[in-house]
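Student: Given chain A, work out where chains B, C and D with the ligands should sit, using these hints.
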Amino acid sequence: MTEISTDITPAIVAEHGLIPEEYQRINTLLGRAPNMVELGVFSVMWSEHCSYKSTRVHLKTLPTKAAWVIQGPGENAGVIDIGDGDACIFKMESHNHPSFIEPYQGAATGVGGIMRDVFTMGARPIAMMNALRFGEPSHPKTRHLVSGVVSGIGGYGNCMGVPTVGGEVNFHKSFNGNNLVNAMCVGLARTDKIFLSAAKGAGNPVVYFGSKTGRDGIHGATMASAQFDDASEEKRPTVQVGDPFAEKLLLEATLELMATDAIVAIQDMGAAGLTSSSAEMADKGGSGIELDLDKVPQRETHMTAYEMLLSESQERMLAVLKPGREAEAEKIFKKWELDFAVIGVTTDTHRFIARHQGKVVADIPVTALSDEAPIYSRPFEKRAPMSGTPAYDKARPVLASLEKLMAAPDMASRRWIWEQYDNSVMNDTLQHPGGDAAVVRVHGSKKALAITTDVTPRYVKADPVTGGAQAVAEAWRNLTAVGATPLAVTDNLNFGNPQKPEIMGQIVGAIEGIGAACRALDFPVIGGNCSLYNETNGEGILPTPAIGGVGLLKDHARMATIGFKREEDVVILIGETKGHLGQSIYLREIEGREEGACPPLDLAAEKKHGDFVRGLIEAGRLDTVHDLSDGGLLVAIAEMALKGGMGASVGQAAIADAVGFWFGEDQGRYLLAAPFAEAEKIVAEARAAYIPVAELGRTGGDAITLNDKDSMALKTLSAAHEGWFPRFMSGEEIPVRN
Amino acid sequence: MKAAVIVFPASNCDRDAATALEAMTGKKTAMVWHQDNELPAGTDLVVLPGGFSYGDYLRCGAMANQSSIMAAIKAHAEKGGAVLGICNGFQVLTESGLLPGALMRNAGLKFICKPVALEVTETQSAFTRNYAAGQAVTFPVAHGEGNYVADDATLDRLEGEGRVMFRYQNNPNGSARDIAGILNEKRNVLGLMPHPERAVDPATGGSDGRAMFQGLIEALS
Amino acid sequence: MKARVFITLKNGVLDPQGKAIGHALNGLGFASVGEVRQGKVIDIDLSETDAAKAKAALKDMCEKLLANTVIEKYEIEIG
Amino acid sequence: MKARVFITLKNGVLDPQGKAIGHALNGLGFASVGEVRQGKVIDIDLSETDAAKAKAALKDMCEKLLANTVIEKYEIEIG
Ligand SMILES: Nc1ncnc2c1ncn2[C@@H]1O[C@H](COP(=O)(O)OP(=O)(O)O)[C@@H](O)[C@H]1O
Ligand SMILES: [Mg+2]
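Chains as they are written, first to last, in this note's numbering: chain A, 1 to 738; chain B, 1 to 221; chain C, 1 to 79; chain D, 1 to 79.
One chain only, chain A, in its complex shape (with noise of 0.2 Å):
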C-alpha cells in the first residue's frame, strides 16, 4: 500500500491544510509519525469545519440554556421541548462552496444534507428554510448561480416531500464571488425518542447504511498529490450529486429502524463521512471503534483506505446498535433497497482503528481527534462601529422613492423563488412563504410552529455586535409577529478569512451580540455552524451570521398575517420612530450609498414591545401584524396592502423629516391593524404601559394615500413589487444599481 509507506513531505503536509505545528502536534500525540490515511484523517478532524478551531473559544460564551432546551449545541442538531411530549429538532448549516461551484448539486446536497442532521436525531423534517446571498444582479454569474440553487433546493427538497416554507435572499457585490447557501431544517419528534451519537459500550456492532461510497468530494489538493496516481483518471475527485430518491428511502428506513429498540447511537456521514461520523461517536461515547473498510459498500472499484474515510459521498449513515439486532436492522434497509452492511465494532481501546485489506491503516486515540485538536485564540482587531448620519436630500417625493424600493433586487417578492418550492406538502403549512415567519402545525393538534431566518449584513459589517444582536432580535421579532413564542435559535456564521485580524474582530463582535440578545430575549442557541474563509481575491464576503429562530403557538386558530383584512382598520405603530437613516435601504438604492451608523438597538424595549403585541394576538385580539425591518415604515404598509389586496390612507401631522419617518430602519417596531373599538384599547393599553404608539390612518380602498394628499395605486406597488424577479431571470433586465 503505496499510502501508508509514502513518506510525507512539508508540501503534503501543506496539502492537507495543516500548518507545520499541527503537523508536529500530530506526531506527539501519535508518539510517531502518521501515515497517508492518518493524515487524511487529522486533516479532515481538525478543519475548521470540524473542529471549530478558531471559534470554539468564542462560541462556548453563546447562551445555551432554559428550561425547555433538552439538547444544546454537540448533536447533530439542538432539540426543545414543545409540549405534550413533543420536541421540535432543528439546525442549520451553510453550503456555500459547492453551491458556488456546481448550484445545483450543491444546494441540493445542502438539503439532503442538514435533513440527515435533524432525522439522524429522530425527527421527521417538517419544514424547510433557506438563507440565499448572491453577488449583484448585474454581475454576469448570478443569475446562472440563482437559478441553480433555486432549483436545486426545490429538486431535492421537494422530492422528499418536506415542505420548504421561507428564507431569504439578498445581492451584494461582495458575494460576486462567494454566495451564501445557508439551509435550516426543522424536525418533530417525541421527547422520549431521540436519539444521540454517543457509541457507548464495548463490542457493540457498527452498521453503514444508505448509498454507496464513491470517490465524491474528496478534498481536491489532497487527491492531487503524486502518490495516488496508478489509476489515475478514475481518482479524480468528484463533485457531489445528491440523490433524493435515495434519501427518501434512508428517511423512512431509518424511522422505521428508529421505531425499533436496536440502536445505541447513530450520526449521519456528512462533511469527513466515514472519518468524522465514527470519530465522533466514539468521542462521545468514551469508547474506541474498529472498522474493517473492505465491508463498505463501494460505487468503485480500487478505492482505497484513504479515499473510503474522507469520501463525501451523500445518502449515508452509520449507527451502532445493540448486539444481536443486525439482522433486524438489515431486513429494513433491504425493504427499502438500501445498502446495509456490519463494516465495524466498538472497543474500550480510547483507539480509532481501521483495517483495509487485512492490514492495519490507521491506529489513532480517539481524542487526539477531539479534545486534542487545536483550538485558536486568534488575534482579533475590534473596530469602532461605523458612525454618523449620512446627509440625503430631504425633499425627493416619498411614494416614487417607495415604488423603487418595491422593486430593489433586495426587497422585490420572491414569489419566483418561492414557487418553484413545494411549500404545501404535508398539509400543515398555515403560513406560506411571504409573511413575518413561516407558520407549519404541528400535526394532527392545535399546536404550530413558527420559523424564520434572519440577518442584516450590511448592519453586522458597520457594527458586529450591534449587528449580531439585530440578527437575533429581527428573528425573535418575526416569530413574535405571527403569534409565536420564540423558543431557541441555531446560527450560521458566515465571514470571511478568520487569520486576519478585522475579519476575526467581526467573529468576535458579531457573536458577542448575539450572545447578549439571546440572553436579553430568552432565545437560547441550540446549534449552529460556521462557514469561514469565504473570500474572493483577498475580499471577505459582508459578515452574515444568519439566525434561524423557532417558535411555539400554542393555538393556531389565533395568529396574526400581514396582510390587511377589514376596510377602516386602524393602522397602529407601536415602538419609536426616530428616522434611523444610516446603513438603511433606502440609503443604498435611493441615494447610492452605503453608509453611516447602523440603528441601535434597544433589548429591553425590544421585549417589551414584543411581548405586548405577542400577547394581544395571544388573547384574540389580533390578526394583522407585521414587523418592520429593511426598508422602514412605508414598505412595512406597502406589504401589508399588497397582501391583503387593500390600501390604506396613513399619515401624520407635522412630520419633521418625511424621507426619515417613512424609510427609517428604526428597530423593535411593529405596524398593527385591528377594528376601531379594539384599536383604541390597544392604543390605550399601550400608553398605560409607557410604549411608544401611534395612529396611522385607516385600511381600505386601492392605493396607498399619504396624509390626505399623494397617493399610488397597489396595482402600481404590485407591478414593482412582483415584475422585478421574474424580468431578471428572464434576461430582460440586469439592473444596474446607481
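Bear in mind the hints are in silico, worked out from the structure with no lab data behind them.
Bear in mind that the values here come from a model prediction, so they are computed numbers and not experimental data.
Here a beta-carbon is modelled for each residue, glycine too, at the ideal position from N, C-alpha and C.
Do not take every clue at face value.
[To be verified] With a straight-line cut-off of 25 Å between C-alpha atoms, the simulated SDA-like cross-links for lysine to any residue are: (1) C/Lys19 to D/Thr69; (2) A/Lys643 to A/Arg698; (3) D/Lys40 to B/Asn170; (4) B/Lys114 to A/Val442; (5) D/Lys53 to C/His23; (6) A/Lys335 to B/Gln35; (7) C/Lys73 to D/Ile76; (8) A/Lys200 to A/Arg351; (9) A/Lys65 to A/Asp86; (10) C/Lys53 to D/Leu28; (11) A/Lys173 to A/Gly203; (12) A/Lys446 to A/Ala619; (13) C/Lys19 to B/Asn170; (14) C/Lys59 to C/Arg37; (15) A/Lys200 to A/Pro365; (16) C/Lys59 to B/Met70; (17) A/Lys212 to A/His97; (18) B/Lys27 to A/Gly444; (19) D/Lys64 to A/Arg727; (20) C/Lys19 to A/Ser147; (21) D/Lys64 to C/Asp50; (22) A/Lys331 to B/Asn37; (23) A/Lys335 to D/Gly34; (24) D/Lys73 to C/Ile78; (25) D/Lys55 to D/Glu72.
[To be verified] Heads up, incomplete: computed chain A residues facing chain B, CB under 10 Å, no partners named: (26) Val150; (27) Ser151; (28) Gly155; (29) Lys248; (30) Trp336; (31) Asp410; (32) Met411; (33) Arg415; (34) Gln420; (35) Tyr421; (36) Met426; (37) Gly444.
Tutor: Only chains B, C and D with the ligands this time, still in chain A's reference frame:
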C-alpha cells in the same frame, strides 16, 4: 367507503391523502405497499398519491407502473372500482395506460407550487357529482411535469365523451386544451395534477376538495 | 457488451426543453442554430454476449420501461 | 446540417437516475443488465454548411451552455 392509498418508494403525499380521507370518512385508510400483490378485501377506492415515486427518475411514474401492486389496481379498475390518481398518481395512470396521453415537463420548465383556479367541467362521475357544472374551485398544484399531451384524436374524444373533468382557468403548465384532470372511458378512474387532498382544510389549502371526497363517499358507500 | 439506447420525442410532440435550448443558443449568438430537440441516452452494460439476443432484450426493455411509446421513440445501438 | 451532441456524466460522478434504471431493469427480470448511465442527447439543426466551422461552434455551445463541465462531458457527432 373503504379506501386504500398506495405507497411507492418516494411517494410523499401518501400521508396527506390518508389524512384527508380519514377526516372525511372517519375511518382508517389502508396503506398498501407497492410490492403487495393484492388490495385489502372490500376496497372501494384506490388512491395513487402524489410524490416522486422512484425519484421521478427516467420518467415520472414509469417505474412505479412496474410495481407488483399495479396488476391488482388494473383488475380493480376493470371491475369498475374507483381509482383516483393525484399528481404523481396521474402520471402513473397514464404510464399504465389506464388513462390516455402523457404528462410532460411544464412548458415553463420549472416546478410550480401555488393555488390554481380550476373549472369543474363535468359532473358525471363519482368524483365530481357534488360539484356544479362549471363551478370554479381552487386546488393547489405542485409539480414539474404536469403538461398534459395527447394526439388530437384523443383530445377530441376526451372532450366529446365528457371526460375532461377539470380545466385550468390560467394554464400554468402548457397542458393541451387547459386540461387538469381526465376520466377513463368507464368513468371510474380519475387522474388530475392539482391536489384535492390539500384542499380539505380552510387553515391550509381551502376546502374546495371536500366535495370530491364527499361525492366518492356517497357514491361508493 | 455495451449498448446505447436513444429515447427521443416523436415528431410532432412539442419539446419545450429543446425549444428553450434553441432559444438560449440563439441568444448566445449562435445564429446558425435552427430547431433543437432534446432526448435521453441510456448506456447499458450487458453481460449477454450474443448480439441478437442482446438486441431483442434491449427492444423489450424499451417497450416495457425505457420509452413511453405514446410520445417517445427509441433507437438501439450495440457496440 | 444536422448535429447530435451527447452529454453524459463524467466517470465517477454519481448517476442516481442510471442507478435507479438499472435497478428497475433487474427487477423486471433483465438479469444481464449491469451498470446503467443516463445522459442527454441534443439534436441540433444548423444552417452552417462547413463541417469544421459547425464543429467549432458546437464545441463552443457545449462549453457555454449545453454541458455542465463541472460534472458532465460531451461528444459531438455531425451527420
Ligand atoms: N456557531 C455555532 N453556534 C453554536 N453552536 C455551534 C456553532 N457552530 C457549530 N455549533 C455546534 O457544534 C456542533 C458541531 O457542528 P457541526 O460540525 O456543524 O455538526 P455536524 O457534524 O452535525 O455537521 C453542533 O452541535 C453545532 O450545533
Ligand atoms: Mg451531523
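Student: Now tell me if each hint is right for this structure.
Tutor: Hint-by-hint comparison with the structure:
Straight-line distance between C-alpha atoms of C/Lys19 and D/Thr69 comes to about 22 Å, which keeps the hinted pair within the 25 Å bound. For the proposed pair A/Lys643 and A/Arg698, the alpha carbon gap of about 16 Å is at most 25 Å, so the pair holds. Between D/Lys40 and B/Asn170 the CA atoms are separated by roughly 32 Å; this puts the pair beyond 25 Å, and the hint is violated. For the hint pairing B/Lys114 with A/Val442, the CA-to-CA distance comes to about 22 Å; that is within 25 Å, so the pair holds.
For the hint linking D/Lys53 to C/His23, the alpha-carbon distance of about 20 Å falls within 25 Å, and the restraint holds. For the hint linking A/Lys335 to B/Gln35, the alpha-carbon distance of about 10 Å falls within 25 Å, and the restraint holds. Using a Cα cut-off of 25 Å, the hinted pair C/Lys73 and D/Ile76 holds, with the two alpha carbons roughly 21 Å apart. Taking the CA atoms of A/Lys200 and A/Arg351, the gap is near 14 Å; set against the 25 Å cutoff, the hint holds.
The straight-line distance between the Cα atoms of A/Lys65 and A/Asp86 is roughly 18 Å, inside the 25 Å bound, and the hint therefore holds. With a CA separation close to 17 Å, the supplied pair C/Lys53 and D/Leu28 stays within the 25 Å bound. With a CA separation close to 55 Å, the supplied pair A/Lys173 and A/Gly203 exceeds the 25 Å bound. Using a Cα cut-off of 25 Å, the hinted pair A/Lys446 and A/Ala619 holds, with the two alpha carbons roughly 15 Å apart.
Between C/Lys19 and B/Asn170 the alpha-carbon distance is near 22 Å, which keeps this suggested pair within the 25 Å criterion. The hinted pair formed by C/Lys59 and C/Arg37 meets the criterion: a straight-line CA distance of about 23 Å does not exceed 25 Å. Distance check on the hinted pair: A/Lys200 and A/Pro365 sit about 16 Å apart at the alpha-carbon level, within 25 Å; holds. Restraint check: the Cα-Cα separation between C/Lys59 and B/Met70 comes to about 22 Å, which is no more than 25 Å; the hinted pair holds.
For the proposed pair A/Lys212 and A/His97, the alpha carbon gap of about 24 Å is at most 25 Å, so the pair holds. Between the alpha carbons of B/Lys27 and A/Gly444 the distance comes to roughly 15 Å, so the proposed pair stays at or under 25 Å and holds. For the proposed pair D/Lys64 and A/Arg727, the alpha carbon gap of about 22 Å is at most 25 Å, so the pair holds. Of the pairs offered as hints, the one joining C/Lys19 and A/Ser147 holds, with about 18 Å between alpha carbons and a cut-off of 25 Å not exceeded.
The hinted pair formed by D/Lys64 and C/Asp50 fails the criterion: a straight-line CA distance of about 41 Å is larger than 25 Å. With a C-alpha separation of about 20 Å, the suggested pairing of A/Lys331 with B/Asn37 holds against the 25 Å cut-off. Between A/Lys335 and D/Gly34 the CA atoms are separated by roughly 21 Å; this keeps the pair inside 25 Å, and the hint holds. For the suggested pair D/Lys73 and C/Ile78, the alpha carbons sit about 21 Å apart, so the restraint of at most 25 Å is met.
Pair hint D/Lys55 plus D/Glu72 holds up; C-alpha atoms about 19 Å apart against a cutoff of 25 Å. The interface hint given for A/Val150 holds, since its Cβ lies 9 Å from the closest Cβ of chain B, which is under the 10 Å cut-off. Interface hint at A/Ser151: satisfied, since its Cβ lies 7 Å from the closest Cβ of chain B, which is below the 10 Å cut-off. The criterion of a C-beta within 10 Å of any C-beta in chain B is met by A/Gly155, whose closest approach is roughly 8 Å, and the hint holds.
Proximity of A/Lys248 to chain B holds as hinted, the smallest CB-CB distance being about 4 Å (cut-off 10 Å). Residue-level restraint check for A/Trp336 holds (minimum Cβ-Cβ distance to chain B is 7 Å; threshold 10 Å). Here the hint on A/Asp410 is broken, as its CB sits about 22 Å from the closest CB of chain B, past 10 Å. For the restraint placing A/Met411 at the interface with chain B, the shortest Cβ-Cβ distance is roughly 21 Å, beyond the 10 Å limit, so the hint is violated.
Taking 10 Å as the C-beta cut-off, the interface hint given for A/Arg415 holds, the closest approach to chain B being about 9 Å. With its C-beta approaching chain B no nearer than about 5 Å, A/Gln420 sits inside the 10 Å limit, and its interface hint holds. Look at A/Tyr421: its Cβ gets to within about 6 Å of chain B, closer than 10 Å, so that hint holds up. At its closest, the beta carbon of A/Met426 sits 7 Å from a beta carbon of chain B; the interface hint therefore holds under the 10 Å criterion.
Taking 10 Å as the C-beta cut-off, the interface hint given for A/Gly444 holds, the closest approach to chain B being about 8 Å.
In summary, the structure is inconsistent with hints 3, 11, 21, 31, 32 from the numbered list given earlier, while agreeing with the others.
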